[in-house]
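> Listed below, chain by chain, are the residues.
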Amino acid sequence: MHKKMAFSFPDEVLEHVFSFIQSDKDRNAVSMVCKSWYEIERWCRRKVFVGNCYAVSPRMVIRRFPEFRSIELKGKPHFADFNLVPDGWGGYVFPWIAEMAGAYPWLEEIRLKRMVVTDESLELIAKSFKNFKVLVLSSCEGFSTDGLAAIAASCKNLKELDLRDCEVDDLSAHWLSHFPETYTSLVSLNISCLGSDEASFSALERLVRRCTNLKTLRLNRAVPLDKIANILRHAPQLVEFGTGTYTADVRPDVYSDLAGVFSSCKELKSLSGFWDVIPDYVPAIYPVCSKLTSLNLSYATIQSPDLIKLVSHCPNLQRLLVLDYIEDSGLEVLASSCKDLQELRVFPSDPFGAEPNVSLTEQGLVAVSLGCPKLQSVLYFCRRMSNEALVTIARSRPNFTRFRLCIIEPKTADYLTLEPLDVGFGAIVQYCKDLRRLSLSGLLTDRVFEYIGTYAKKLEMLSVAFAGDSDLGLHHVLSGCESLRKLEIRDCPFGDKALLANAAKLETMRSLWMSSCAVSFAACKLLGQKMPRLNVEVIDERGPPDSRPENCPVDKLYIYRSIAGPRFDMPPFVWTMDEDSGLRLS
Amino acid sequence: MENDLNLKATELRLGLPGSDEPERQMIPRPNKRTLSDIVSEGSRSTTEEDHQDTAPPAKLQIVGWPPVRSYRKNCLQGKKDEVEGGTGMYVKVSVDGAPYLRKIDLKVYRSYPQLLLALENMFKLTIGAYSEREGYNGSDYAPTYEDRDGDWMLVGDVPWEMFISSCKRLRIMKGSEARGLGCV
Numbered sequence: 001m002h003k004k005m006a007f008s009f010p011d012e013v014l015e016h017v018f019s020f021i022q023s024d025k026d027r028n029a030v031s032m033v034c035k036s037w038y039e040i041e042r043w044c045r046r047k048v049f050v051g052n053c054y055a056v057s058p059r060m061v062i063r064r065f066p067e068f069r070s071i072e073l074k075g076k077p078h079f080a081d082f083n084l085v086p087d088g089w090g091g092y093v094f095p096w097i098a099e100m101a102g103a104y105p106w107l108e109e110i111r112l113k114r115m116v117v118t119d120e121s122l123e124l125i126a127k128s129f130k131n132f133k134v135l136v137l138s139s140c141e142g143f144s145t146d147g148l149a150a151i152a153a154s155c156k157n158l159k160e161l162d163l164r165d166c167e168v169d170d171l172s173a174h175w176l177s178h179f180p181e182t183y184t185s186l187v188s189l190n191i192s193c194l195g196s197d198e199a200s201f202s203a204l205e206r207l208v209r210r211c212t213n214l215k216t217l218r219l220n221r222a223v224p225l226d227k228i229a230n231i232l233r234h235a236p237q238l239v240e241f242g243t244g245t246y247t248a249d250v251r252p253d254v255y256s257d258l259a260g261v262f263s264s265c266k267e268l269k270s271l272s273g274f275w276d277v278i279p280d281y282v283p284a285i286y287p288v289c290s291k292l293t294s295l296n297l298s299y300a301t302i303q304s305p306d307l308i309k310l311v312s313h314c315p316n317l318q319r320l321l322v323l324d325y326i327e328d329s330g331l332e333v334l335a336s337s338c339k340d341l342q343e344l345r346v347f348p349s350d351p352f353g354a355e356p357n358v359s360l361t362e363q364g365l366v367a368v369s370l371g372c373p374k375l376q377s378v379l380y381f382c383r384r385m386s387n388e389a390l391v392t393i394a395r396s397r398p399n400f401t402r403f404r405l406c407i408i409e410p411k412t413a414d415y416l417t418l419e420p421l422d423v424g425f426g427a428i429v430q431y432c433k434d435l436r437r438l439s440l441s442g443l444l445t446d447r448v449f450e451y452i453g454t455y456a457k458k459l460e461m462l463s464v465a466f467a468g469d470s471d472l473g474l475h476h477v478l479s480g481c482e483s484l485r486k487l488e489i490r491d492c493p494f495g496d497k498a499l500l501a502n503a504a505k506l507e508t509m510r511s512l513w514m515s516s517c518a519v520s521f522a523a524c525k526l527l528g529q530k531m532p533r534l535n536v537e538v539i540d541e542r543g544p545p546d547s548r549p550e551n552c553p554v555d556k557l558y559i560y561r562s563i564a565g566p567r568f569d570m571p572p573f574v575w576t577m578d579e580d581s582g583l584r585l586s
Numbered sequence: 001m002e003n004d005l006n007l008k009a010t011e012l013r014l015g016l017p018g019s020d021e022p023e024r025q026m027i028p029r030p031n032k033r034t035l036s037d038i039v040s041e042g043s044r045s046t047t048e049e050d051h052q053d054t055a056p057p058a059k060l061q062i063v064g065w066p067p068v069r070s071y072r073k074n075c076l077q078g079k080k081d082e083v084e085g086g087t088g089m090y091v092k093v094s095v096d097g098a099p100y101l102r103k104i105d106l107k108v109y110r111s112y113p114q115l116l117l118a119l120e121n122m123f124k125l126t127i128g129a130y131s132e133r134e135g136y137n138g139s140d141y142a143p144t145y146e147d148r149d150g151d152w153m154l155v156g157d158v159p160w161e162m163f164i165s166s167c168k169r170l171r172i173m174k175g176s177e178a179r180g181l182g183c184v
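Chains as they are written, first to last, in the numbering used here: chain Z, 1 to 586; chain V, 1 to 184.
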């Protein structure tokens with residue numbers, strides 16, 4: 001035990017200071033200052049974030065942080081969202097719940113993304129954590145409404161139940177009735193992903209009525225329009241609301257009831273839902289539009305004129321999700337009406353159609369970039385693009401932090417010049433110095449990667465598809481992007497050379513995904529052998545990779561750093577290249 | 001980094017059919033597919049024969065492209081239950097004893113023999129022949145499905161079109177357990 005320096009603070013003071021430091025990154029930095037700060041910090045960390053559930057084992061987390069109350073875990077790679085990761089790959093949360101059940105009876109919050117959650121896991125949560133408050137499952141699967149019933153029945157202090165974008169086995173809507181009549185603490189409920197047709201409206205209404213602190217309620221499609229008025233009448237304090245299906249026979253009494261009830265919701269800032277919307281019922285929400293900061297119309301299949309009218313009523317909009325029915329004309333109106341806009345997502349209404357079905361082009365994105373000074377995050381699907389437009393966008397909006405452009409047809413060239421879009425994306429990375437996330441599309445050569453490696457110094461996540469000419473492209477990114485954490489690549493001619501030359505870089509990143517590229521099995525084995533702190537996983541549904549010649553490209557490759565060693569829960573179509581895979585070389 | 005590396009030996013390009021790029025030399029694979037066999041989502045197991053039977057769709061779909069999540073695609077086609085339309089009819093397939101589920105696109109198949117062959121290839125098991133009287137007697141495994149009413153039926157009992165429109169999910173049972181389902 002070494003003598004403390006005369007001017008150092010007592011532990012309690014440091015702990016108090018650390019309590020103001022919430023961000024995970026900052027906490028990690030604090031813990032690296034010196035050994036005593038590491039010790040103090042680990043005892044008082046209350047929120048743990050694990051970006052890759054396989055990077056560390058539950059036991060290691062529990063050993064280091066003996067008193068956390070909240071955990072966030074992420075499982076499958078992002079491309080799992082687009083069916084590129086076969087079912088059964090992994091990401092099971094049960095081992096984590098099992099370990100925590102014993103060690104942390106006081107655990108309050110669990111947030112999971114892209115993990116497999118079984119009913120057994122949910123039941124264990126319900127049974128083990130007496131003060132459980134928050135369950136957020138984002139893009140998870142593997143559970144049914146039975147598991148939800150267990151949570152509802154046992155978690156007396158539950159405040160938040162959010163099932164955004166999950167795939168739930170809808171056995172019965174009656175799980176809602178498992179919330180006891182004495183239960184009133186619900187603050188946030190998001191069941192928008194549930195599909196069951198037979199919805200338990202009376203249980204839902206009773207629940208909403210008695211939970212007077214409810215601030216967020218996102219309903220599922222099964223809730224019909226005429227039920228919304230009854231629900232909202234008892235929850236005028238709602239700040240965020242998601243409708244169910246927004247269509248019904250046009251009846252003046254239903255309409256005025258609805259409009260009246262929306263008028264009484266003085267706190268409403270965010271709206272979503274609007275499945276099957278018909279224009280006649282849209283004006284019912286006009287009373288709340290002037291206060292709206294967030295509007296999700298990405299399921300609303302109404303046309304441009306109706307969208308324009310709606311958007312013109314929302315001058316304080318900060319976040320808009322919408323289908324491409326809005327068209328360039330609608331985006332021009334958006335640009336002139338919504339000067340506070342920070343985030344825009346435009347989704348394709350006909351992603352598989354060969355021809356454009358709406359008049360939405362690069363012009364819409366240019367208009368919004370020119371007109372909205374606070375715009376920083378964009379996800380935009382369109383069918384044509386030009387370097388000129390991208391340069392204009394980059395110059396006018398250097399404050400972009402997230403820029404995701406999807407030109408629907410792979411390898412589409414600049415429609416004006418027929419050149420690759422290298423220069424356009426080059427301008428984006430050059431002017432937008434704080435860019436953290438970028439998704440590329442269109443016709444792109446190695447040159448765009450040279451720009452990215454040269455300029456994109458703050459870039460943390462890059463998504464690439466059908467781009468590049470050679471390993472040089474991948475090399476530019478791996479050697480140039482200092483802040484890179486996640487790289488996902490599909491259908492690009494990147495192979496062994498760049499990967500092996502930049503092996504050390506991979507340990508500074510969370511993960512690398514490469515599918516339908518040109519990385520050979522031999523290179524995977526070599527990488528696994530040379531880099532013990534990387535898990536090199538080959539995913540190949542054609543059968544064992546060693547049943548083919550070594551120089552054959554692997555189908556899919558997922559590489560991530562880990563201090564937990566290779567995992568043991570792999571399905572038959574995933575092979576891990578570990579240190580002794582080298583012994584099997586013939 | 002040298003530009004003159006001969007990367008051809010391991011190069012893999014996926015040009016779309018009809019694109020201007022010259023034909024690439026594909027690395028030989030056991031289940032060799034031509035470029036025109038880029039299939040719609042979920043159906044990784046159809047045989048060469050199936051593709052000759054099927055007229056190619058107007059626009060070939062690449063797996064996972066454009067990057068739109070499936071719940072968005074489903075919603076644009078109409079209500080979640082009615083999964084008709086150009087983007088497939090996905091059902092989950094489970095196999096007794098196997099730890100993982102698969103999803104297949106029923107729209108890719110045109111007949112029971114095609115579907116059963118695909119299932120046999122996908123899960124590396126033998127299903128054998130169906131007979132009206134005895135079901136799959138004598139096989140290691142018997143394919144069953146859950147229909148719209150929630151009943152479990154033996155695959156093959158109803159005409160193909162009826163099966164396609166009513167099948168919600170598939171379960172491949174061990175032969176011994178499936179006896180009770182056979183129609184007599």
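In case anyone wonders, no lab produced these hints; they're calculated from the structure. Just to be clear, a hint being listed does not mean it is correct.
Only pairs whose alpha carbons sit at most 27 Å apart, straight line, appear in this in silico DSS-like list of lysine-lysine [claimed, not checked]:
#1 V/103 <-> Z/113
#2 Z/309 <-> V/73
#3 Z/113 <-> V/174
#4 Z/433 <-> Z/530
#5 V/124 <-> Z/113
> Hinted pair, alpha-carbon criterion (27 Å max): residue 113 of chain Z, residue 174 of chain V. Please report holds or violated.
34 Å, violated
> Taken at face value, is the distance from the CA of residue 530 of chain Z to the CA of residue 433 of chain Z at most 27 Å?
35 Å, violated
> Taking 27 Å as the top limit, are the C-alpha atoms of residue 309 of chain Z and residue 73 of chain V close enough?
It holds: about 26 Å lies between the C-alpha atoms, which stays within 27 Å.
> Can the restraint linking residue 103 of chain V and residue 113 of chain Z be considered satisfied, given a maximum Cα separation of 27 Å?
Holds. Residue 103 of chain V to residue 113 of chain Z sits at ~21 Å (cutoff 27 Å).
> Check whether the Cα positions of residue 124 of chain V and residue 113 of chain Z lie no farther apart than 27 Å.
32 Å, violated
Going through the hint list in order, the structure does not satisfy hints 3, 4 and 5.
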